[in-house]
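Number of protein chains: 2
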Amino acid sequence: MTPPQPIPGTRAVQRVLSLLRAFSEERPTWNLTELSAEVGLSMATAHRMLSVLEREGFVVRPSGSTDFQLGPEMIVLGVLALKTVDVRAVARPELQFLADTTGEDAYLESLVGTEVLVLEEVRGRGLLGLGTEVGTRWPAHATATGKVLLADAEGAMTEPVEGLHPMTAHTITSWEKWTDTLSEVREKGYATNIEELEYGFISVAAPIRDREGQTTASLSVGGSAHRLTMDRIPELAKAVKEAASRVSERLGYRGSD
Amino acid sequence: MTPPQPIPGTRAVQRVLSLLRAFSEERPTWNLTELSAEVGLSMATAHRMLSVLEREGFVVRPSGSTDFQLGPEMIVLGVLALKTVDVRAVARPELQFLADTTGEDAYLESLVGTEVLVLEEVRGRGLLGLGTEVGTRWPAHATATGKVLLADAEGAMTEPVEGLHPMTAHTITSWEKWTDTLSEVREKGYATNIEELEYGFISVAAPIRDREGQTTASLSVGGSAHRLTMDRIPELAKAVKEAASRVSERLGYRGSD
DNA sequence: TACACTGTTTCATAGGATGAAAGCTAGTTC
DNA sequence: GAACTAGCTTTCATCCTATGAAACAGTGTA
Numbered sequence: 001m002t003p004p005q006p007i008p009g010t011r012a013v014q015r016v017l018s019l020l021r022a023f024s025e026e027r028p029t030w031n032l033t034e035l036s037a038e039v040g041l042s043m044a045t046a047h048r049m050l051s052v053l054e055r056e057g058f059v060v061r062p063s064g065s066t067d068f069q070l071g072p073e074m075i076v077l078g079v080l081a082l083k084t085v086d087v088r089a090v091a092r093p094e095l096q097f098l099a100d101t102t103g104e105d106a107y108l109e110s111l112v113g114t115e116v117l118v119l120e121e122v123r124g125r126g127l128l129g130l131g132t133e134v135g136t137r138w139p140a141h142a143t144a145t146g147k148v149l150l151a152d153a154e155g156a157m158t159e160p161v162e163g164l165h166p167m168t169a170h171t172i173t174s175w176e177k178w179t180d181t182l183s184e185v186r187e188k189g190y191a192t193n194i195e196e197l198e199y200g201f202i203s204v205a206a207p208i209r210d211r212e213g214q215t216t217a218s219l220s221v222g223g224s225a226h227r228l229t230m231d232r233i234p235e236l237a238k239a240v241k242e243a244a245s246r247v248s249e250r251l252g253y254r255g256s257d
Numbered sequence: 258m259t260p261p262q263p264i265p266g267t268r269a270v271q272r273v274l275s276l277l278r279a280f281s282e283e284r285p286t287w288n289l290t291e292l293s294a295e296v297g298l299s300m301a302t303a304h305r306m307l308s309v310l311e312r313e314g315f316v317v318r319p320s321g322s323t324d325f326q327l328g329p330e331m332i333v334l335g336v337l338a339l340k341t342v343d344v345r346a347v348a349r350p351e352l353q354f355l356a357d358t359t360g361e362d363a364y365l366e367s368l369v370g371t372e373v374l375v376l377e378e379v380r381g382r383g384l385l386g387l388g389t390e391v392g393t394r395w396p397a398h399a400t401a402t403g404k405v406l407l408a409d410a411e412g413a414m415t416e417p418v419e420g421l422h423p424m425t426a427h428t429i430t431s432w433e434k435w436t437d438t439l440s441e442v443r444e445k446g447y448a449t450n451i452e453e454l455e456y457g458f459i460s461v462a463a464p465i466r467d468r469e470g471q472t473t474a475s476l477s478v479g480g481s482a483h484r485l486t487m488d489r490i491p492e493l494a495k496a497v498k499e500a501a502s503r504v505s506e507r508l509g510y511r512g513s514d
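Residue numbers (my numbering), protein chains in the order written: chain A, 1 to 257; chain B, 258 to 514.
Just so you know, these hints were derived from the structure itself, not from any lab. Please note: incorrect hints may appear among the correct ones.
As the list claims (entries may be wrong) - Quick list of the computed label-pair ranges, beta carbon to beta carbon:
(1) A:Glu54 with B:Ala346: 19 to 25 Å
(2) A:Ser24 with B:Glu499: 33 to 39 Å
(3) B:Thr323 with A:Glu54: 28 to 34 Å
(4) A:Gly103 with B:Ser431: 56 to 62 Å
(5) A:His226 with B:Thr286: 41 to 47 Å
(6) B:Thr358 with A:Arg186: 40 to 46 Å
(7) B:Ala482 with A:Tyr199: 50 to 56 Å
(8) A:Arg21 with B:Arg278: 15 to 21 Å
(9) B:Thr358 with A:Glu54: 34 to 40 Å
(10) B:Gly360 with A:Ser174: 56 to 62 Å
(11) B:Gly266 with A:Asp180: 31 to 37 Å
Ideal placement from N, C-alpha and C gives every residue a C-beta, glycine not left out.
Work the whole structure out from these sequences, hints included.
Have a look at this one:
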């Protein structure tokens, strides 16, 4: 997933990025020894690079400690990046509308590697939460939005996405079933997720397309299997597809659906 | 502000970071020509680096365009950085408490260069907004939190912070007045901002100290000059100082105040 | 068709990034 | 308190990688 065709003259750049990327939800704090081992750099090199990152505010050493964490400059740029995604501004009212009319949670997500990233979220039942899920990622193959995004991604689905890791007993894990599902998604114009990510969670997603017809994001509604029963899916699929179409239109898409 | 003592063997790293940092609220989109000029790189170099950044998801070219914007990977890391700052988790209940008891907006901020960064925010009058200010920055010298943070920062206030740019007629602009103010802040243990950032906006801030006694963040309440009148300042200062102290304690600080 | 402009790729070169090794520092053991 | 250990920091000669000039390729404009 990382180097498809190495760009020459960029080793240092690659290395800094891999240092930054080492920080994750599971591992937000690293010491020099382990971090340099993790990304395969000599300690001297890692140290030199981290020193710059620290001085520039991209990483931070909690006072007293020599460990590294992501720093404030990362927050600044991250928030800016979030604001820059204009799908977000356009989609927000539709998310609100979906949450209001369906009573379920509504999500806007995009693809990052093999995962989907929550860009925006509006809770159902009118309670406007404070976006606690924004920034979260889920494995794409176990979500409705992920199916939608991968169904239209060029090439992305032609080769195994480093295995289809099961999240529940319902997660699609066979490659054949997966390609069939994507075909079906393309045909129907929406995707479902029936307890494939988490037991008791069901969702329905539709694609958002930009000016060029590229599927860049996906809209979904999801909720507890108790309320969001199977018989409601056609109704929800219709609502989500329509909402997603309106967003696509506002982004300049002039397509068939 | 950028290179105090250049670290040798890091030119490429510095350059990537300056490319990333070029993206700002005012200028979230760049084309190659202007961006390379802005950061003083040859187009070839800028192009090479941006190609890597793009392939790694740190920047993005909105489909069709050749312009650059910050990408999803930046969001991922930014959100992670935000979660990593543990002051935030500890301070949240106190922010809520301050907002509840004073009725004004409560903020948690930290220092980034010569600006303060809003890490967390709770609106007054019990209405829990969705953190629209989180990620915003303000010039440190024109805010109460900035005064608090700079008052305790080592060396930071010993030399002109690249000029004290006036935001209103009340902004401190003379270096002498500035150092006097900081002394006063250190003495009193809190800082005020009386329409120095924006006409009609008044705030009061106190320092949060970590285990090592370092002032790493600042707590403040602020609001309209109509409601937040001068006679309420002593009362608010007391409340903010106490709240900040409780946060400091929970971070392991065992100091005098 | 020529022109102007931005973006992309190539390639020889030199100057910068590299990692081994030595030097630190703080903590632990005997 | 001396010897040891483990992690962090700095140095420096060497070689390889990042560099930018220049050529090339697109795209729109006169």
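Report task. Determine which of the earlier numbered hints do not hold for this structure and return their numbers in increasing order. Result -> Hints 6 and 11 not satisfied by this model.
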